[in-house]
Amino acid sequence: KQEVTQIPAALSVPEGENLVLNCSFTDSAIYNLQWFRQDPGKGLTSLLLIQSSQREQTSGRLNASLDKSSGRSTLYIAASQPGDSATYLCALKGGSEKLVFGKGTKLTVNP
Amino acid sequence: SAVISQKPSRDICQRGTSLTIQCQVDSQVTMMFWYRQQPGQSLTLIATANQGSEATYESGFVIDKFPISRPNLTFSTLTVSNMSPEDSSIYLCSVVNLVYEQYFGPGTRLTVT
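Order-wise, the sequence lines are chains A and B. Sequence positions in the first sequence follow the working numbering and run 2 to 112. Sequence positions in the second sequence follow the working numbering and run 28 to 140.
Keep in mind that the hints were calculated from the coordinates and are not lab data. Hints are not guaranteed to be accurate.
Said to hold, decoys possible - Here are some chain A residues the structure puts well away from chain B; computed CB gaps all over 10 angstroms:
1. Asp-28
2. Asn-33
3. Gln-35
4. Ser-47
5. Gln-52
6. Ala-92
7. Glu-98
8. Gly-103
9. Gly-105
10. Val-110
Claimed, not checked - In the BS3-like style, the derived pairs of lysine-lysine whose C-alpha atoms are separated by at most 27 angstroms in a straight line are:
11. A:Lys-104 with B:Lys-92
12. A:Lys-107 with A:Lys-43
13. A:Lys-69 with B:Lys-34
14. B:Lys-34 with B:Lys-92
15. B:Lys-34 with A:Lys-2
16. A:Lys-107 with A:Lys-2
17. B:Lys-92 with A:Lys-107
18. A:Lys-69 with A:Lys-2
19. A:Lys-69 with A:Lys-43
20. A:Lys-107 with A:Lys-69
21. A:Lys-43 with B:Lys-92
22. A:Lys-2 with A:Lys-104
23. A:Lys-43 with A:Lys-104
We put the beta carbon where it would ideally sit given N, CA and C, even for glycine.
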């Protein structure tokens, strides 16, 4: 059974800092990995999708990497801004249709 | 990317009543998913809804409690029946594209009193 862990559960940084969010998983037989952002009381916004055959994806200030052999993914956020404050979730798709979610990292960027 | 809307966006309901949540997608999709997010928790899949067939429920979720309709390729409803305070959650519908990138609606925030 796939298990997804996100560490830390919460992170507070000053504005402008570069930061890394971590996601680890137990089963390397994945189809893809997706990073989401969730604002309080809202739905999820897809940030980046990494297919199983890919090592990383970039969008603006965001870069996500995937290392299946070690069961890890990282989300790198450059030059953080207060508007980046949200909960970040990683989710994996394996052989079935459903996503397996981590519990998320709550990020606070302080002005 | 798919644009997904949900109605209502939030509701406060009495114990023992039922609420039907609507999910509308701006394009035709084969599979739609319903998730629940309890306070402070991550997302849990309730069921997968395919057009023209019965929904497939995950362990711990039953059709009598969470009946789902999928009348066409752009629309689905989830009913939360005989509600209790434990049903207070955000309910989200979701779809996937051809490369299995998943998109979520804005969610329905349900409070049961």
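Review point. Can we confirm that no CB of chain B comes within 10 angstroms of the CB of A:Gln-35?
Key: Per Cβ check, A:Gln-35 is inside 10 angstroms of chain B; nearest 6 angstroms; violated.
*Assertion that A:Val-110 lies farther than 10 angstroms from chain B (Cβ)*: 21 angstroms, holds
Does A:Lys-43 pair with B:Lys-92 here, judged by a C-alpha cut-off of 27 angstroms? With a Cα-Cα distance of about 24 angstroms, the restraint between A:Lys-43 and B:Lys-92 holds, given a limit of 27 angstroms.
Worksheet item: Is the hinted pair A:Lys-107 and A:Lys-43 satisfied, with a Cα-Cα distance of at most 27 angstroms?
Response: 14 angstroms, holds
Next on the checklist: If I take the minimum Cβ distance from A:Ser-47 to any residue of chain B, is it greater than 10 angstroms?
Outcome noted: Per Cβ check, A:Ser-47 is inside 10 angstroms of chain B; nearest 6 angstroms; violated.
### Query
Straight-line Cα separation of A:Lys-107 and A:Lys-2 no greater than 27 angstroms?
25 angstroms, holds
- Check on A:Ala-92 being off the interface with chain B, judged by Cβ distance over 10 angstroms: 7 angstroms, violated
Notebook entry, point to check: Is it correct that the beta-carbon of A:Glu-98 has no partner in chain B closer than or equal to 10 angstroms?
Noted result: 6 angstroms, violated
* Asked: Is the straight-line distance between the alpha-carbon of A:Lys-43 and that of A:Lys-104 27 angstroms or less?
  -> Holds, at roughly 16 angstroms.
query = Hey, A:Lys-104 versus B:Lys-92, does the alpha-carbon distance stay inside 27 angstroms?
reply = Satisfied, since the Cα-Cα distance of roughly 25 angstroms is no more than 27 angstroms.
- Item | Pair hint A:Lys-69 and A:Lys-43, alpha-carbon separation not exceeding 27 angstroms | 30 angstroms, violated
field: Hinted pair B:Lys-34 and A:Lys-2, Cα distance within 27 angstroms
entry: 34 angstroms, violated
The structure fails hints 2, 3, 4, 5, 6, 7, 8, 9, 13, 15, 17, 19 (numbered hints given earlier, in ascending order).
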